[in-house]
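Residue numbers (the working numbering), protein chains in the order written: chain A, 1 to 326; chain B, 1 to 396; chain C, 1 to 260.
The hints are simulated quantities; they were obtained by calculation from the structure and are not laboratory data. Treat the hints with care, as some may be off.
Stated by the list, open to error - Among chain C residues calculated to face chain B with C-beta under 8 Å, some are:
# : residue
1 : G182
2 : Y186
3 : S188
4 : L189
5 : I192
6 : M193
7 : R197
Each residue gets a CB set at the ideal place from its N, CA and C atoms; glycine is no exception.
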Amino acid sequence: MSNDILFLAEFNGSAARSALELATGAAQLAAKSGGSAVALAYGPGASDGAAALGAQGAARAIVLGDDDRPAIGFAPAAAAAVRDADALALLAPATPNGRDIAAALVGLLDLPAFGPVRAARVADGTIETEQATLQGSVITTSRPADGAPTPSVVLVLANTFTPAEGGSGSASVEQAPGADDSALAKATVAERHEAEAKVVNLEEATVIVAGGRGVGSEEGFGPLRELASALGGAVGASRAAADAGWIPYQLQIGQTGKVVKPSLYLGVGISGAIQHRVGMQTAEHVVAINKDPDAPIGEFADLFVVGDLFQVVPALTDEIKRRKGA
Amino acid sequence: MTYLPTADHDELRAMVRELAEERIAPRAAAIDEGGEFPWDLKDLLAQQDLLGTCFDERHGGTALDTIGQSIVAEEIARADATTSLIPIVQKLGALPIILAGSDEQKDRYFPRLASGEWLIAFGLTEAAAGSDVSANRMRAVRDGDAYVLNGSKRFITHGSVANVLTVFALTDPEAGGRRGMSAFIVEADTPGFAAPRVEHKMGIRGSPTAELTFDDVRVPVENRIGDEGEGFRIAMATLDRSRLGIAAQAVGIAQGALDAAVAYAGERQQFGQRVVDFQGIQWMLADMASQTEAARQLTYAAAARVDASVPDLPYWTSTAKLIAGDTAMRVTTDAVQILGGYGYITEYPVERMMRDAKITQLYEGTQQIQRLVVARQLLQRAGVGARPRERRETGA
Amino acid sequence: MKIVVCIKQVPATGADKRYTDDLRLDRAGVEAIINPLDEYAIEQALRLQDAGTVETVSYLSMGPEQASEALRRALAMGGDDATLISDPALAGADEWTTAKVLASALDKLAPDVALMGMASDDARGSLVPGAVAAMRNVPLLSYGAELTVGGGEARVRRLSATGFDWVAAPLPVVASVTDQVGEPRYASLKGIMAAKRKPLETWSLADVGLSADDLRGGALTTVTDARPPEAKPPTERVENLPAAEAAARIADWLAARKLI
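Bound-form chain A, shown alone:
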């Protein structure tokens, strides 16, 4: 078994931010394990862009395919590459696409799986991970069982690793050795529907202003957008706001939406029910504004402001602009 650390690198024209983050993380782990970071690149632009993953520390990149098939369709080729590589670990983004490929690898190759993890390290020649379970009430440390096959599949949340800046390496690029014959390749996109407006990928935002039921309407999100803009961040929402049609579902944060890890999360008119909380509880700083002094979010926020969001949010926007000298 080599001590290489594999990672999934998704391309959608160019490298997804998760590819850059996992490259950085894989390189960090590889430095400890004595192996190399190896990308499994897939999606449009993979062949062209894979070499640049070297800037984040990838030594090699194996291209699984350049087309826009559903991500699960790359799993058979990923399995062939993983079997060839015989590595210590494989990092996958904890996104729907990443989980699909990770799950398929677990099933095709009988691999141990961890995560989503909040930390991963190499210890005693094996992978050790930390994850928050039971809605964040227990932190468990896990390892592969004795004699378990390798690599271990590790799901990684966005913003767990910060992409290295200013690197200059170049990964050597090769094509995948082939693909396992698997029915997983039979899923195809029958119809594509693009939304009118461009939607930000919340997982990449370092500042998020999220609105909930208290915002009351689509127009109500206006002040939140202005605040987000003043802070250089993005707007997110709870499921209630998405169900009500006030914002698109791509902006829903929570158990069934995006799981985000910004450095600042501002929850406005959001009660903080557990289904939302698991989507943002790893944010570095949590500020909440709510007119209900007993809202559950007040129990886990770092700063809880009881007040009318329609007064406090614009006032805050003004205050921030003033301090920035704008």
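Since the structure of chain A is already known, use the hints to place chains B and C on it.
Chains B and C only, in chain A's frame:
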């Protein structure tokens, strides 16, 4: 005779409680403030098969035992007393037909009642005939193959939203209320029937309490329940059973108030500690809990006896309603007391629960009437016998 | 057309949850419910049955004896029959083990669609649907906001970065759905009563054609430590301030942490 709630009863309670907490409780304040009948919750209860619990499976009902029916009423009342009247009155209105109706009448009406498509109400009380049922004045005159009803009723729960009503009227005024009254099934869309007024009330404000007028309302002979002259007996037999629904409602109201008081006292801090940590408050809560439990157990004991058709049925249902109604009033009043100023304002539910509780001491037989029933049964058991006048009549 | 919905019984949300001394999830004495995300899978299957597209809806669960309660609750919502896989060798199973057992059971039941919720509440696992599909060598249609079947194929409507796609695959498939499917129905009283009479079978590991050896020791991962999270400083509260002052306080707080 003993009874034990079964696992099925527990499962039923859990199902109704979940529905009540998630869908009914959040609506309670708005229903009370707006004073409007909650049609959406009626539809919900119908969908969940909770309006057919007293009807046979062959009519589309679920034929729950009386304990089960009490549990349904209790768990809904814990969330909202107004909404709990929907299944309770569905049974009240149907009881005359259940007890004395023909199979043809049951086949004709019960399927739509069991499914909740139709609501039914019980039209007995008149402006001058409340506790004194025999003072009823409404007339029913035979005319060919129909009876013509003339008169009015007052304080009829759901009288303005029911599709059909069981109505009591004198077919033989000479014979007086006890022997000259008959029972009829009247469909609400019959010409001459109207519900011109609905009362503004202290509590159960979402439950329409209507005045009904009958102006030459023609009711086919096939809609008379039982024989002419049986009306009083049917009405009394109905109330002997339906008052248990009120007992269950009262238990539910008390439980809801108790739960609210415990939750509040567990959070509110004064004088450097939680209110619930004061022994005086704990004693109040203990009294509230014990009394509620006693009322509940008496209600279930009575329910078991209803199903066993014991001969002294009225003793059981009357004691249950008597105890439960008074308990609801006492517990809700204490709940307001425990919440203090916050208990008095509409932001918290206990003031509504206290206003709702009062009716359980008034309708389906006032507490004073219940005492008369209990006393009569008690004296009979003790062999002390009835009033001197009646003793003279029987020669004993 | 037959759908098998795989459900899991989990501790109730908000219930006191802990790990036992031997670092397994302590399920004793805790109120147990159907994994909330599985209710959406149940609802999706029942909607297809109500519409007449699907004839049979069955349920499958792997768990201790107590998990039969979750299956009865599912049957109370609708559907036809249920199977519980219960075996002492399955205590402490991880996602791989769960997938292996469900895959074997599903091969026996041979549905057109094996339907699951997108994740489970307790372990935050989400890999079971994909692993099952891979093990059974059938297509995976995951994270569907809606599932349709017909013409020999199944489709899911799946959120994309910029809108949504309909992803299709020929039957049989494994599919998972999200909470956008629609509110799960309550079990009606008649449903609860009928559920008691619907068939519920219990299978052991041998009944799905597996032995303890096939399970590679029961799990491929092992928990080596379980501890409470780091204590956070208590929440700072700002109350009863006019908006402008509250805003200034927030700005001060952000500035102190170099966030503005």
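Hints and how they fare:
Contact between G182 of chain C and chain B, as hinted, is not supported at the beta carbon level, the nearest pair being about 15 Å apart and thus beyond 8 Å. At its closest, the beta carbon of Y186 of chain C sits 6 Å from a beta carbon of chain B; the interface hint therefore holds under the 8 Å criterion. With 8 Å as the threshold, the beta carbon of S188 of chain C comes within range of chain B, its nearest partner Cβ sitting at about 5 Å, so the hint holds. A least Cβ separation of about 4 Å between L189 of chain C and chain B falls short of the 8 Å threshold, and the interface hint therefore holds.
Annotation: interface hint on I192 of chain C holds; nearest CB of chain B at approximately 6 Å, less than 8 Å. Interface restraint check: M193 of chain C against chain B, minimum CB-CB distance 7 Å, threshold 8 Å, status holds. Given hint, R197 of chain C at the interface with chain B, is violated; its Cβ is 13 Å from that chain's nearest Cβ, farther than 8 Å.
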